[in-house]
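Asker: What follows is each chain in one-letter form.
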Amino acid sequence: MSHGIRMLVWGDDACWTRPEMKAERVSYDVMTPSGARGVLEAIYWKPQIRWVIDRIHVLAPIRFANIRRNEVAVAGDSGHKIPAGKVQAAMQGGTAPLCIYADENRQQRASLVLREVCYGIEAHFDLLDAREQDGSLPADPTAKHLDQFNRRLRKGACHHRPYLGCREFAAHFGPVEGDFPSCPENLRGERDLGFMLHDIDFADGMTPRFFRARMVDGVIDVQACLAATREMLGS
Amino acid sequence: MQHRYDFIYLFDVRDGNPNGDPDAGNLPRVDAETGHGLVTDVCLKRKVRNFVILSHADALGKNAEDGKPGYDIYVREKAILNQQHERAYTAENPDATAKEGKRKGAGDQIDKARQWMCRNFYDVRTFGAVMSTGTNCGQVRGPVQLTFGRSIDPVVLMEHAVTRVAVTTEAESAKQQGDNRTMGRKFTIPYGLYRTHGFISAPLAADTGFSDADLGLFWKALSQMFDHDRSAARGEMSARALLVFKHQDRLGNAPAHRLFERITVARRDANEPARAFTDYEVRLDGEMLDQAIPSGQVKELKNDVTLMRLI
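Line by line, the protein sequences are chains R and S.
Heads up, the working numbering is the position in the first sequence plus 166, with the first residue counted as 1.
Heads up, the working numbering is the position in the second sequence plus 2, with the first residue counted as 1.
Note that these hints are calculated values from the structure, not bench results.
Yeah, the Cβ is synthetic: ideal placement off N, Cα and C, and Gly gets one too.
Among the hints, erroneous ones may be present.
Which residues of chain R face chain S? A few of them, derived with a C-beta cut under 7 angstroms, are [what the hints assert, rightly or not]: (1) ILE248; (2) ALA250; (3) ARG327; (4) ARG333.
Chain S regions said to be covered by chain R (calculated; three or more residues, Cβ under 8 angstroms) [stated by the list, open to error]: (5) 25-34; (6) 112-124; (7) 143-149; (8) 196-207; (9) 255-261.
If you anchor each label on the Cβ, the simulated ranges turn out as follows [stated by the list, open to error]: (10) ASP287(S) / THR261(R): 49 to 59 angstroms; (11) ARG216(R) / ASP251(S): 18 to 28 angstroms; (12) LYS310(R) / ASN273(S): 53 to 63 angstroms; (13) ASP313(R) / PRO205(S): 12 to 22 angstroms; (14) ILE366(R) / PRO296(S): 46 to 56 angstroms; (15) ALA276(R) / ASP251(S): 32 to 42 angstroms; (16) ASN273(S) / GLU282(R): 19 to 29 angstroms; (17) ARG320(R) / GLY37(S): 33 to 43 angstroms; (18) ASN236(R) / PRO192(S): 21 to 31 angstroms; (19) SER240(S) / ALA305(R): 55 to 65 angstroms.
Chain R extracted, bound-state conformation:
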């Protein structure tokens, strides 16, 4: 954990969708570790590293708002996906129309989103492969990645704009000077946030992993919560 990073991320709206309520989206109370990982990856990521979230600081009051939108549904499907079969047919010169009519495939869906959020993220990365893409071995691979990340953080540069759960909820980000700001008064004390998504295990057939999130004075110690969950479940 010697090469940790600290940063702030904030925005107007956020939606960390609960997987059990995603037809009509309901956000978790706070950012999930996988959401935080997505923010970091939007700023800097290479296949040689893997971001690990250590702590999430909740720095703004938890407030919700409701938004209902006309969304596209494809018959017999849960989302607006382009059928691969139709694309294949069109590529071969088929004459069937390849498009969807949004007003015919309409589905109105509500989202319960968070308003005016601000988080502090503490994270580090694991080095999966010290080699460069060309196979050479740099002198200090961890310092290289750390420097690149911190340079981008200070400069405001990013691979793509980070977002808070959904792409319409764009995030702003910056370094944190000194200590993290303190959490709002009403988040002081201890709060059990229940089981939350920790991350998706892409190596294991996209299996979602959950953990029992506990927030103490606005801070979720992800690694400690993970350990406590493992102990509780006896695995």
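Model the placement of chain S on the given structure of chain R, informed by the hints.
Answerer: Okay, now just chain S, sitting in the frame of chain R:
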């Protein structure tokens, strides 16, 4: 595309409903906490798509064969272009790899289909799309990202009762003994100036093949799309300012929030209700926008960022 772009888009509405809320009987969307008006990102994207359909109606997908980008639109609205789109696409032979005796990997096919969709469809190239394939990798993340538009000030909702002198069914006519009058309601806001932020990622543009020409079309769509979206419900909507921060670096040279903070929009007289764009002042670093940068001009800011004022 070699640059990152962050942009501010200002548009207004007069005596109209810019974006109805399906949860509230089609009332204009408002943030219940603050009373500010909202226009969703998808509402604006719909209009961009419609503009591209209208402006490229003759050339839809035509260029795809030459390897140049096509301008077809995947997510359509029937009302905009009610014609058949039964068009034959000719593409590279998808069976080629199989014939050559190479492995017919599903990944290959997905990637080919993905690239083909990007090449033919402007909206897939710009905003992205999800293709239904076995795994998660058939996803296209578009370079253009829009946020919700929010009004500068809280908006006032007006409800208007309207009458019509015809009924739809004979039964209704009989019930009214031939009087044939029904009441309807429509909702407007007298005036609202909305501000929305957008981001364009150069690395994602490289991934989908979103080109500088596509970017030009996107700016054109934002500039003109309200002119082709007139309806009884909308009232008068206009694009008022499009301020584009162009970064020298493809990953960006400055934090977006710092750039956005430099543009302030405020009511000229806080005691008078706003009813026109002229009731607002847009400033760049405290200087009136028109003086700081006239429409169509470009201004060099510090840190290798250029401000282009397109409207």
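Asker: Evaluate the given range 46 to 56 angstroms for the C-beta pair formed by ILE366(R) and PRO296(S).
Answerer: Given a distance of about 50 angstroms, which is inside 46 to 56 angstroms, the answer is holds.
Asker: So, as I understand it, the hint says ILE248(R) touches chain S; can you test that by seeing if any CB pair is closer than 7 angstroms?
Answerer: holds (4 angstroms)
Asker: Quick check: do three or more residues in the stretch 196-207 of chain S have a beta carbon closer than 8 angstroms to a beta carbon of chain R?
Answerer: Holds, because 5 residues of the stretch 196-207 of chain S bring their Cβ atoms closer than 8 angstroms to Cβ atoms of chain R.
Asker: Interface hint check: ALA250(R), Cβ to nearest Cβ on chain S, cutoff 7 angstroms. Holds or violated?
Answerer: holds (5 angstroms)
Asker: State, for the Cβ atoms of ASN236(R) and PRO192(S), whether the hinted interval 21 to 31 angstroms holds or is violated.
Answerer: holds (25 angstroms)
Asker: For the stretch 112-124 of chain S, do three or more residues have a beta carbon lying closer than 8 angstroms to a beta carbon of chain R?
Answerer: holds (count 5)
Asker: CB of ASN273(S) to CB of GLU282(R), is that within 19 to 29 angstroms?
Answerer: With Cβ atoms ~27 angstroms apart, the hint holds.
Asker: For the hint on ARG333(R), does the least C-beta distance to chain S fall short of 7 angstroms?
Answerer: holds (5 angstroms)
Asker: If you look at each residue in the stretch 255-261 of chain S, do at least three have a Cβ nearer than 8 angstroms to any Cβ of chain R?
Answerer: holds (count 6)
Asker: If you check the beta carbons of SER240(S) and ALA305(R), does the distance land in 55 to 65 angstroms?
Answerer: holds (58 angstroms)
Asker: Mind taking a look at whether chain R covers the stretch 143-149 of chain S? Criterion is 3 or more residues with CB to CB distance under 8 angstroms.
Answerer: Since 5 is at least three, the answer is holds.
Asker: Is the distance from the Cβ of ASP313(R) to the Cβ of PRO205(S) consistent with 12 to 22 angstroms?
Answerer: Once the Cβ atoms are compared, 20 angstroms apart, the range 12 to 22 angstroms for PRO205(S) and ASP313(R) holds.
Violation of the numbered hints given earlier is absent; every hint is satisfied by the structure.
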